[in-house]
Amino acid sequence: MDKILNLEAINKCFNEGFTQNIMPAYYIIEPTNFCNYKCIMCPSKDYKNNQKGYMDMDVFQRIIDEIKNYAFFIQLYWMGEPFLFPNLFQMIDYISINSEAKIIISTNGSLLDNNLIDKIINSNIYKLIISLDAAKSQSVYEKIRVGGNLQNVVKNISLLLEKEHNIKVDLQFIDFNINKNERVEFEKMWRDKRCRLTFSWLNTWANQYSELKAETYYDSPNSLIRRLPCSDLWYKMSIHWNAVVSTCCYDWNFKATLGNLNENTVKTIWNSDLINQYRNYHKNSQFEKVPLCAICDEWGTIEEYKDILL
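Positions in the sequence shown are counted from 1; adding 543 to them yields my numbering.
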């Protein structure tokens, strides 16, 4: 397989600006943008009903058939709760049979009952990220994860971690002002469990939700350093449930689209004049010429790929 798997090779390609006739190493494929939560930091709650849907399985299989020899990571989530998609495990199986890609899923944990946990354990998921953001305070949790029940999610996570499995489990804590006092207890509760604890800044979706900065004490670390070209333009493709491809994963509302996989192939879009123009703008520090990039301080870096492997 002619994969871009080696991180040194990724670094080399990126540093040399090698952009032609390659395929992404990382794919975001969105099963659905439906969600059972209305989290305060997530644009999912702002979708109108006619903007929501599920990915067509024929389209999905066609995408996998094209990328199977190139994909290192496939992220089966984006704006929605992936376990709401009835065919999610069919997607996982199809990837597993046809590719060596590492499958990553992120969930709010609300649906993790015994039956679903057994399906997860018996699947080929590489990493499961569970967003928590609280320890014991339901009032704090429900202010962030609107519509959720902390006690239920904690019970579900505990059930998962008690079972034997080889899946990497990340428990994610996003730092808000309102959950600051929960962080120590969060670490105490989970640090000796079979999981990794991750702590993250509250992203503003490329400053499309700049008002979120008032909700946190932890800004993007990129805001303190010199602007660099975004690695997403070289290594990550973001595919919405309706087969529309966006420039980056912050383009939840289709402001920066590159094409549609109902009309073009992955390779055609990835090597198009448009995305190559965007890459050149980034290499020349002309970020203002690329949609969403002008004021973004949350650009992608090579380090993200190393972190995923942990």
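Each hint should be verified, as a subset may be incorrect.
Straight-line alpha carbon distances no greater than 35 Å define the calculated DSBU-like cross-link-like pairs of lysine-lysine that follow [said to hold, decoys possible]:
id	residue 1	residue 2
1	K810	K826
2	K698	K731
3	K832	K798
4	K686	K662
DEER-style ranges, computed between Cβ atoms [stated by the list, open to error]:
id	residue 1	residue 2	range
5	L817	K731	48 to 58 Å
6	D850	I583	21 to 31 Å
7	D816	K679	29 to 39 Å
8	D661	S743	37 to 47 Å
9	E685	Y761	38 to 48 Å
10	S766	G596	47 to 57 Å
11	E754	N805	32 to 42 Å
12	S828	D656	26 to 36 Å
13	I583	K731	36 to 46 Å
14	N665	D850	38 to 48 Å
15	E707	S815	39 to 49 Å
16	N665	K588	29 to 39 Å
17	Y761	S639	46 to 56 Å
For the record, the hints were derived by calculation from the structure and aren't laboratory data.
We put the beta carbon where it would ideally sit given N, CA and C, even for glycine.
Practice task
Sort out whether K731 lies within 35 Å of K698, counting only the CA atoms.
Solution key: holds, 16 Å
Practice task
Confirm or reject the claim that I583 and K731 have a C-beta distance inside 36 to 46 Å.
Solution key: About 25 Å separates the Cβ atoms of I583 and K731, which means 36 to 46 Å is violated.
Handout entry: Hinted pair K686 and K662, Cα distance within 35 Å
Key = Between K686 and K662 the Cα gap is close to 31 Å, so the pair holds against 35 Å.
Handout entry: Y761 and E685 - C-beta distance against the hinted 38 to 48 Å
Key = violated, 21 Å
Problem - Range hint 38 to 48 Å (beta carbons of N665 and D850) holds or violated - result: Once the Cβ atoms are compared, 26 Å apart, the range 38 to 48 Å for D850 and N665 is violated.
Practice task
Take the C-beta atom of D816 and the C-beta atom of K679, compute their distance, and say whether it sits inside 29 to 39 Å.
Solution key: violated, 54 Å
Problem - CB-CB spacing for K731 and L817 relative to the 48 to 58 Å hint - result: holds, 49 Å
Handout entry: Hint check for N805 and E754 - Cβ pair distance inside 32 to 42 Å
Key = holds, 35 Å
Problem - CB-CB spacing for G596 and S766 relative to the 47 to 57 Å hint - result: violated, 34 Å
Problem - Hint check for I583 and D850 - Cβ pair distance inside 21 to 31 Å - result: holds, 25 Å
Practice task
Would you check the hint for K810 and K826, treating anything up to 35 Å between C-alpha atoms as holding?
Solution key: Judged against 35 Å, a Cα distance of about 21 Å means the pair holds.
Exercise for the section: Can you let me know if the beta-carbon spacing of N665 and K588 is within 29 to 39 Å? Expected result: holds, 32 Å
The structure fails hints 7, 8, 9, 10, 12, 13, 14 and 17 (numbered hints given earlier, in ascending order).
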